[in-house]
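Undergrad: Just so you know, we're using the working numbering here: the sequence shown kicks off at 18 and counts up by one.
If you are wondering where the hints come from, they were derived from the structure by calculation, not from laboratory data.
By construction, the Cβ of each residue, glycine as well, lies at the ideal position given by its N, Cα and C atoms.
Take these hints with a grain of salt, some might be off.
Stated by the list, open to error - Label pairs and their computed distance ranges (CB to CB): (1) D68 - V99: 27 to 33 Å; (2) S56 - G21: 30 to 36 Å; (3) K72 - D92: 31 to 37 Å; (4) D69 - Q46: 32 to 38 Å; (5) A74 - G24: 18 to 24 Å; (6) G61 - D92: 24 to 30 Å; (7) D68 - Q46: 36 to 42 Å.
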Amino acid sequence: VKVGSMGRPLPGYPVVLLDPVTGAVTEGQGEGEIALDLSQPPLGLMAGYYDDPEKTAESRTGGYHHTGDIAVRDDDGYLTYVGRSDDVFKASDY
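Whenever a hint applies, use it, and build me the whole structure from the sequences.
TA: Laid out in structure tokens, this is it:
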């Protein structure tokens, strides 16, 4: 574990970072939106937003589930949270 990082993705969770401008997968070290590769949907990924198929469709484009979270990946594969790509931030389950 590295201080300040969120750690590395668990095995079975195909986490990628997507370039915010091009949408291309960022290989190795770099910054981008945290997304899950839907060609290998991980166990536990939500089926969709409750009663909101449009929002579900918006979050799943280009073969990825887009989280809206921005992170930096270092050379060791550790992710550090940077911010959001939108103005939503949920804290304390409220």
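Undergrad: When the structure is checked against the list of hints, which entries are broken? Sort them ascending.
TA: Failing hint: just 5.
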